[in-house]
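Engineer: If you're matching them up, the sequences are chains V and X in order. Adding 1 to a residue's 1-based position in the first sequence gives its number in the numbering used here. Adding 365 to a residue's 1-based position in the second sequence gives its number in the numbering used here.
Think of the hints as simulated: they come from the structure by calculation, not from any bench. Please note that the accuracy of each hint is not assured.
Claimed, not checked - Computed cross-link-like contacts, DSS-like style, restricted to lysine-lysine with a CA-CA straight-line distance of at most 30 Å: (1) V:LYS14 <-> V:LYS58; (2) X:LYS421 <-> X:LYS367; (3) V:LYS53 <-> V:LYS23; (4) X:LYS421 <-> V:LYS53; (5) X:LYS432 <-> X:LYS421; (6) X:LYS407 <-> V:LYS14; (7) V:LYS58 <-> X:LYS367; (8) V:LYS58 <-> X:LYS432; (9) X:LYS367 <-> X:LYS435; (10) V:LYS53 <-> X:LYS407; (11) X:LYS432 <-> X:LYS367; (12) V:LYS23 <-> V:LYS58; (13) X:LYS421 <-> V:LYS23; (14) X:LYS407 <-> X:LYS367; (15) X:LYS421 <-> V:LYS16; (16) V:LYS23 <-> X:LYS435.
Claimed, not checked - Far from chain V, some chain X residues (derived; all Cβ distances over 10 Å): (17) SER377; (18) TYR397; (19) GLY424; (20) SER459; (21) ASN460; (22) ASP461; (23) SER465; (24) ALA476.
Don't be surprised by glycine CBs; every beta carbon is placed ideally from N, CA and C.
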Amino acid sequence: AAGVIQSPRHLIKEKRETATLKCYPIPRHDTVYWYQQGPGQDPQFLISFYEKMQSDKGSIPDRFSAQQFSDYHSELNMSSLELGDSALYFCASSQGRRGNTEAFFGQGTRLTVV
Amino acid sequence: QKEVEQDPGPLSVPEGAIVSLNCTYSNSAFQYFMWYRQYSRKGPELLMYTYSSGNKEDGRFTAQVDKSSKYISLFIRDSQPSDSATYLCAMKRSNDYKLSFGAGTTVTVRA
């Protein structure tokens, strides 16, 4: 079965640079979520989109922005990168409004800021 | 204090044993409860998804939710070395998009 696809899988950036992470949800899934997981930490919710509109917002820094496109894929844009942004970034997708269905996670993008 | 508490372990059991994992939570509005398995440097894999109180069984996995006690459990029967991973509980309120995770319990099944 098709899963959530994230790209790139690994990314190394310098401080103050910009990074763009991409997420392709499971076919027919209309909701995407972004999570950040630091080393030894549980995933922290950043933001979600339903039908291309922001549906919920968590602890996403102002330096980050995200959007969902007409084909339902999503991009997380991260600017003015800081060392503390180094983490695993996961995208998840689900089907249906209000998120009351199972959310399936991608394999993540490992971002290293040096 | 976190909304969801989970003992990080580590938990080490011999092959074939029953693995018992649990989480407690403070937000009585949580209605959906999930267990994810995460291998090192991989994405969380959904194991169990339940709504409200009750039990759910899927193969070797049994999930229990006791909303009156704000306590959820996951049992893994006949554990295998391939079950060695970190197990994360997660939960959400109805009509919310955000999942609140526990810290994860690291499990090692010894051959």
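Engineer: Tell me if the straight-line CA distance from V:LYS14 to V:LYS58 falls inside 30 Å.
Structural biologist: Since the Cα atoms of V:LYS14 and V:LYS58 sit roughly 25 Å apart, the hinted pair holds (cutoff 30 Å).
Engineer: Between X:LYS432 and X:LYS421, is the straight-line Cα distance small enough, at 30 Å or below?
Structural biologist: With a Cα-Cα distance of about 14 Å, the restraint between X:LYS432 and X:LYS421 holds, given a limit of 30 Å.
Engineer: So if I understand the rule, the pair passes when the alpha-carbon distance is 30 Å or less; does X:LYS421 with X:LYS367 pass?
Structural biologist: holds, 26 Å
Engineer: Please confirm whether X:SER377 is truly not at the interface, meaning its C-beta sits more than 10 Å away from all C-beta atoms of chain V.
Structural biologist: Its Cβ never comes within 10 Å of chain V, the nearest being 18 Å, so this holds.
Engineer: Would the non-interface assignment of X:ASP461 survive a Cβ cutoff of 10 Å against chain V?
Structural biologist: Nearest chain V Cβ is 6 Å from X:ASP461, so the label is violated.
Engineer: Between X:LYS407 and V:LYS14, does the CA-CA distance stay at or below 30 Å?
Structural biologist: At roughly 21 Å apart (the allowed maximum being 30 Å), V:LYS14 and X:LYS407 satisfy the hint.
Engineer: Minimum C-beta separation from X:ALA476 to chain V exceeding 10 Å: can you confirm that?
Structural biologist: holds, 26 Å
Engineer: Taking 30 Å as the top limit, are the C-alpha atoms of X:LYS432 and X:LYS367 close enough?
Structural biologist: Given pair X:LYS432, X:LYS367 holds - Cα atoms ~17 Å apart, limit 30 Å.
Engineer: Please settle this one: X:SER465 was flagged as non-interface, so is its CB more than 10 Å from every CB on chain V?
Structural biologist: violated, 8 Å
Engineer: Regarding the pair X:LYS421 and V:LYS16, is the alpha-carbon distance no greater than 30 Å?
Structural biologist: This hinted pair is violated, its Cα atoms lying about 47 Å apart.
Engineer: Non-interface claim for X:ASN460: all C-beta distances to chain V beyond 10 Å?
Structural biologist: Contrary to the label, X:ASN460 does not stay out of reach of chain V, its closest Cβ about 4 Å off (not over 10 Å).
Engineer: Would the pair X:LYS407 and X:LYS367 pass a check requiring their Cα atoms to be no farther apart than 30 Å?
Structural biologist: Since the Cα atoms of X:LYS407 and X:LYS367 sit roughly 24 Å apart, the hinted pair holds (cutoff 30 Å).
In summary, the numbered hints that this structure violates are 4, 13, 15, 16, 18, 20, 21, 22, 23.
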